[in-house]
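One-letter residues, chain by chain:
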Amino acid sequence: MKRNRSRISQLQLFTMVAQIMIGTEVISLPHSVHENARQDSWMAILIAGAIVQLVVLLQWGVMRRHPGLTFFEISEHVLGKWISRGIALLYTGYFMFVNMLSMLNTFSVLYKWAYPQTPKWVTLGLVLLVGVYMGRQSVQAIARFFFLVTILHLFFILILLLSHGHGDWLNLLPVGRTPVPSILLGAKSTLLALLGFEVLLIVQPKVKGQPSKKLRNVSLSIWYVIAMYILITMTCLFYLSSERLDQVPEPVMYMLSRFTVVVIERLDMIFLSFWIVSAVTSFVGFLYMGSESAKFVCGGTSRHKFVLWVGLVPFVLALVQNNPFAVANWTPYLELYALVTLALLPLVILVGSLLKQGGGRGKAA
Amino acid sequence: MKTKVAILYMNDIANPELVKEITKRISAIKTDLVMSPGFIEEFVEDAPFSPFPQLLNTDRPDRAAYNLMEGRVVMFSNESPTALVLPVTFFAFYQSPDDYNSRFFVGSFYRFVRLVCFTIAITLPAIYIGVVAFHFETLPIKLLIPIKESIEQIPFQPLVEALIMELTIELIREAGVRLPTSIGPVIGIVGGLVIGQAVVEANLVSNVMVIIVAITITATASFVVTSNEMVTSLRLLRFPLMILAATFGFIGIVLGLSVLFMHLCALESFGTPYFAPWSTGRWADFKDTIFRFPLWLMDKRPKDSRSIKRVRETYSRGWKTDETE
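In order, the protein sequence lines correspond to chains A and B. Numbering-wise, the first sequence is residues 467 to 831 according to the working numbering. Numbering-wise, the second sequence is residues 8 to 332 according to the working numbering.
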């Protein structure tokens with residue numbers, strides 16, 4: 467019964483991208499964007515969306531020329547075996563880096579808001595266990611699970627809309643008074659919450675359908691996430707004053723802790739429970755991508771044995787760092803790293819591919 | 008001892024690949040005893056360590072016939088009234104032939120009730136333990152006071168309290184099933200009423216806990232009619248979730264449920280995704296899972312049986328337009 471094995475539908479691609487993109491940062495996003503972009507945070511998020519869209523177009527440009535291959539196989543085709551393995555190693559490092567930061571984020575939020583007594587290794591060990599169990603399943607199963615848990619987004623949206631009656635629309639004014647460089651800085655801090663759109667690089671050969679449809683769905687997914695982020699940020703802007711947003715690192719939780727629906731006194735606990743699912747799906751997505759790239763580095767045939775290692779390294783790295791500002795310290799490095807792996811390398815490979823095939827479509831297209 | 012096994016399928020509806028696969032798996036069985044379909048089930052299912060039954064076990068001829076017409080394969084073994092149906096999805100266990108006999112509102116309503124029961128049955132004790140042990144702040148003050156008052160007297164941790172109550176009820180139920188019919192119901196009444204009352208008065212278990220366990224038990228029992236096997240696996244799944252709730256609170260429950268749903272998504276029964284259509288997003292198949300649409304709207308067989316002839320109904324209510332014209 468090997469029928470339809472490892473095939474992902476377009477709809478599942480859409481939810482997969484969204485689930486990997488929405489991760490731990492969503493809870494602190496309004497704060498980090500507001501730090502620079504002030505009341506024009508929504509513009510910053512839109513600009514970040516446009517940037518990500520451009521990068522995805524670039525990546526898709528690479529992928530379209532070789533529809534049946536993953537990004538690493540394309541780079542092997544263009545640049546040769548050893549350079550491509552180096553690239554895959556860089557990517558493995560990048561995925562582990564992202565996962566380390568997401569673990570640090572997960573712990574700090576859980577520690578601050580619900581579990582002050584639980585030791586770090588227990589909280590993170592639980593996430594690691596669940597993540598590795600999920601990461602070891604087939605891609606198809608992961609895609610199905612991501613599709614299933616997207617239902618939770620409805621609750622996110624519902625919980626956020628509940629708060630709109632209490633807010634003050636005037637907090638958005640004056641529109642466009644923030645200097646452009648500050649908005650761009652805000653966009654830069656949004657980019658971190660958008661990492662994960664690169665999943666197409668790795669999962670592309672396993673998705674059914676035309677390359678153009680894949681691009682359409684990934685783009686739709688990106689704009690869906692952008693819309694979600696704008697909704698979250700706007701809600702926080704309505705509800706909290708500018709000074710409060712500067713003081714509170716997790717404004718979403720702070721805002722929700724004030725709301726009550728019928729039998730639930732503290733909505734933030736419910737939000738936290740749903741948020742941990744988003745955190746885990748994002749973690750699993752990066753585990754999957756990391757194990758695929760580690761497989762390419764080692765030249766193996768199965769990615770399953772790499773999942774544990776790709777998860778364990780960020781776990782240990784997150785455990786040894788006790789600095790509460792670790793995430794903030796690492797962020798500039800991650801930004802640079804992401805720029806190199808997600809934008810520069812695909813560009814190099816696109817140029818190489820164009821040169822190699824003389825601008826023609828070649829055999830694969 | 009040779010046991011005869013019959014494989015039944017509709018020749019022009021069932022997928023020949025599926026028939027070939029089940030024939031292959033059945034002929035691979037080499038054992039000296041096949042007592043009942045339960046034996047065959049264990050030999051042919053895809054994931055033997057999964058807590059979920061992957062073949063539907065039914066005694067009702069109408070249910071077997073309906074599944075046959077959906078393009079599934081039905082198996083019988085000699086000297087047993089039970090039929091095995093394959094491939095099935097998770098939601099097949101929540102369908103009952105009675106749904107199709109009643110009006111579709113009623114049918115859909117009971118489908119919905121059964122699925123709500125599924126959620127209640129596995130999560131309610133865990134959520135209660137999570138609230139009581141970790142997240143008191145999630146309850147409004149008016150609800151908090153009575154709950155706190157009732158558990159203040161209890162010498163045990165919420166988990167221990169819940170385990171005592173759950174195990175007692177399981178014990179009473181098992182006794183009720185095994186004892187002769189003349190004593191069985193008596194034990195049920197003694198267990199349910201007398202012990203429940205006495206245990207609360209002795210301050211061993213709180214009032215609220217008795218209510219929670221009672222709701223859970225009724226929720227589980229309410230879909231006994233559709234599949235006994237599914238119920239037994241759900242009864243077991245409650246316990247790990249309760250332990251997770253007692254150790255990690257809500258986060259434990261959510262992560263435990265994530266693992267459970269991941270398992271459901273990864274599970275396949277003879278090449279059919281087990282949690283379809285919720286995991287695969289085939290919208291048309293929702294018509295006969297959480298809802299029971301009117302029969303004249305279900306023109307095609309569900310996709311999870313992978314039948315070779317999809318159409319099963321066309322224009323049966325065509326007379327209506329003829330008449331009005």
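Incorrect hints may have been included.
[What the hints assert, rightly or not] Just a few of them, taken from the derived set where beta-carbon distance is under 10 Å, the chain B residues facing chain A:
| # | residue |
| --- | --- |
| 1 | 73 |
| 2 | 125 |
| 3 | 264 |
| 4 | 269 |
Since the hints were made in silico from the structure, they are not lab data. Built from N, CA and C at the ideal position, the CB exists for glycine as well.
Discussion item. Output the indices of the hints that this structure fails to meet, ascending.
Written reply: Hints 1, 2 contradicted; others consistent.
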